[in-house]
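Q: Given the sequences, and given the hints that come with them, work out the whole structure.
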Amino acid sequence: MGYITPADVGISDDRAAHIARGSKEPGTDYKTAYGTNLRIPDDCEVIGVDHSNDGAEGRRLFLLILANGETIDWIHLSRIAVRVGDRLTRGQLDAAWSGASGFGDDWYYDPHVHVTRRARRGLPYSQTLDFEDAIGGEAPASATPGTTPNQSEEDENMSINLRRESTGVSYTLTPGYGITAHVNEHGARLTNYGNTGQWFPAGASPAQREAAGERQFNDENLAWFLSLHDLKWVSADLSRLPSGDEYRYCEKLQKIHDAAAGIG
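Residues 1 to 264 in the numbering used here are what the sequence shown spells out, letter by letter.
Note that these hints are calculated values from the structure, not bench results. Be a bit skeptical, because a hint or two may be false.
[Claimed, not checked] Below are the EDC-like pairs computed for lysine to aspartate or glutamate, each with C-alpha atoms no more than 16 Å apart in a straight line:
hint: 1; residue 1: Lys-31; residue 2: Glu-45
hint: 2; residue 1: Lys-24; residue 2: Asp-130
hint: 3; residue 1: Lys-31; residue 2: Asp-50
hint: 4; residue 1: Lys-31; residue 2: Asp-54
hint: 5; residue 1: Lys-24; residue 2: Asp-13
hint: 6; residue 1: Lys-31; residue 2: Glu-138
hint: 7; residue 1: Lys-24; residue 2: Asp-8
A: Laid out in structure tokens, this is it:
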């Protein structure tokens, strides 16, 4: 019997893609909304818990699979509710919730959960196995699919990407957090305006990210930023305009703008 996935969602980045870009911990990224209640892959013991959002991995849960001695790690979590030594069962919920944590920030990345699989405890994280290759079997009848926030909650937490046409710089707006240049686990980058598009290495200093164009805006600056006339909404990968089902986030952005500007 194989593992079950942490939630019934798609994959945003597989292990091969992580390897291709030189990831130090190649694994599988699942497109979970922020705060998704994750389900345990198989009967296991908790062998490590890191509640800190520091480092590239953010909050991490370490699981030892009882049937085969493999280890499964979840990283970038928003919350962990179990302790070292706890025994968990296949499909169990309420152990951990997905997030976007890393480098001391609860919203450093776009929301997802990164799953790392290793053949045994103690192996370096560069020596991972493909979690997708080991998926199989069903969750117990008592287990529900990894639960996600309802649609209104998801809309509230969804990041929105914008590009300023006069400069070409792209930004990500995360409701309740702020605005910053587009960030993923490789650090910060500018987009297609006069640059190479290369990612900063993981662990780039705040000064390096600042020099690259990363900016954070508080609520007082939000109305000014959104009043710029050459902002356009772009898709999650910053390469195209949004598809039809993404335009509801444009409507959400307009509501944020109106609230910041005191309209309505």
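Q: All hints, please: hold or fail.
A: We went through each hint and held it up to the structure:
1. Lys-31 <-> Glu-45: 25 Å, violated
2. Lys-24 <-> Asp-130: 14 Å, holds
3. Lys-31 <-> Asp-50: 22 Å, violated
4. Lys-31 <-> Asp-54: Distance ~21 Å between Lys-31 and Asp-54 Cα, so the pair is violated.
5. Lys-24 <-> Asp-13: It holds: about 14 Å lies between the C-alpha atoms, which stays within 16 Å.
6. Lys-31 <-> Glu-138: Outside the cut-off at roughly 20 Å; violated.
7. Lys-24 <-> Asp-8: The given pair, whose Cα atoms are some 26 Å apart, is violated under the 16 Å limit.
Of the numbered hints given earlier, the model fails hints 1, 3, 4, 6 and 7; all others are met.
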